[in-house]
Amino acid sequence: MSEALMGLPGQRLRAKQAGDEAQLMHWVNQTGFGLSLAETPESDQSEWLVLADAHSNSPLACLRLVPRLGLRLPRYSYHVGRVVHAAAELGLFCTQRTLLLGNDHTGESELADLACAPGLPADLQVTYLSALVQAALARIAAAPGTYGETLIVELAGLRDHPGEGAEAESNSPFWRGLGAHFYAGQPSQAQARFGDAWRSHLAALLPRQTLYLSFLSEAAQAAVGKVGEAGQAAAAALAASGFGDAQHVRIDDGGPLWQLRLR
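Numbering (our numbering), first residue to last: 16 to 278.
In short, the hints are calculated from the structure, not lab data.
For clarity, every value in this text was computed on a predicted model and none was experimentally measured.
Just so you know, not all the hints are guaranteed correct.
Once the Cα atoms are required to be at most 20 Å apart in a straight line, the calculated EDC-like pairs of lysine to aspartate or glutamate come out as [what the hints assert, rightly or not]:
#, residue 1, residue 2
1, K31, D68
2, K31, E62
3, K241, D175
4, K241, D260
Beta-carbon label-pair distances, calculated as ranges [stated by the list, open to error]:
#, residue 1, residue 2, range
5, Q247, R278, 28 to 34 Å
6, A103, A153, 51 to 57 Å
7, P24, Q247, 22 to 28 Å
8, A219, Q38, 47 to 53 Å
9, E62, Y227, 39 to 45 Å
10, D68, Q236, 42 to 48 Å
11, A234, G259, 31 to 37 Å
12, Q224, A199, 19 to 25 Å
13, P159, Q38, 29 to 35 Å
14, A103, P136, 28 to 34 Å
Note that beta-carbon positions come from the ideal geometry of N, C-alpha and C, so glycine has one too.
Please model the entire structure based on the sequences and the hints provided.
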């Protein structure tokens, strides 16, 4: 696969090559997506799209297209809902935001590991990632039966201070407010061992009951569904392509899941 891109005459689209591995892993870690280049049950089905310089062939940006997720290893997320407690005779009406653990996107398709070369201006990052998203959508349109009805993207959540990949999870207000109470280990070590599948293993430790957000710290509540600094360029590119909030968040850092209906 090697294709010229409309509007980007100095760049071309190509597949991931063996020499890209370490470089792309470093970029993905910086965005907070995780060590998705590690071996996972879905990795052999994924297609990497790399935007490269047309002359040097050096990567500039990347993403990974997963045809169907969660069919071999369950993928978990929290559905962000709302419940109402009302007593008309007492004049009481109270709404509460809730989290419910589930596998709602099983069988859907995913864009993962959106990342750019460090140091690129923000507007150029958005341009490059937008081109890759459009290339992925063209792939889907050419073989619709291969993909699900919805295309989702997980965006890394808020961090209080800098950090890369899984090592930054301890800097996440949402992790400290919820996940850390059920898993005492270091997320960085778990992710290094299991790759991007580590959150599927984490889910086995988390409560299955509906959780009221008001039970969490104010910082954790405020972080739910918020895109962290490292994911801003990806979020801008996705918004420009029609993606919107899926009312789900990641179980580790509370980052949002966005979605695009394919049919």
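Status of each hint after checking the structure:
no.	hint	verdict
1	K31 with D68	holds (13 Å)
2	K31 with E62	holds (8 Å)
3	K241 with D175	holds (12 Å)
4	K241 with D260	holds (11 Å)
5	Q247 with R278: 28 to 34 Å	holds (29 Å)
6	A103 with A153: 51 to 57 Å	holds (54 Å)
7	P24 with Q247: 22 to 28 Å	holds (26 Å)
8	A219 with Q38: 47 to 53 Å	violated (33 Å)
9	E62 with Y227: 39 to 45 Å	holds (40 Å)
10	D68 with Q236: 42 to 48 Å	holds (44 Å)
11	A234 with G259: 31 to 37 Å	violated (26 Å)
12	Q224 with A199: 19 to 25 Å	holds (20 Å)
13	P159 with Q38: 29 to 35 Å	holds (32 Å)
14	A103 with P136: 28 to 34 Å	violated (56 Å)
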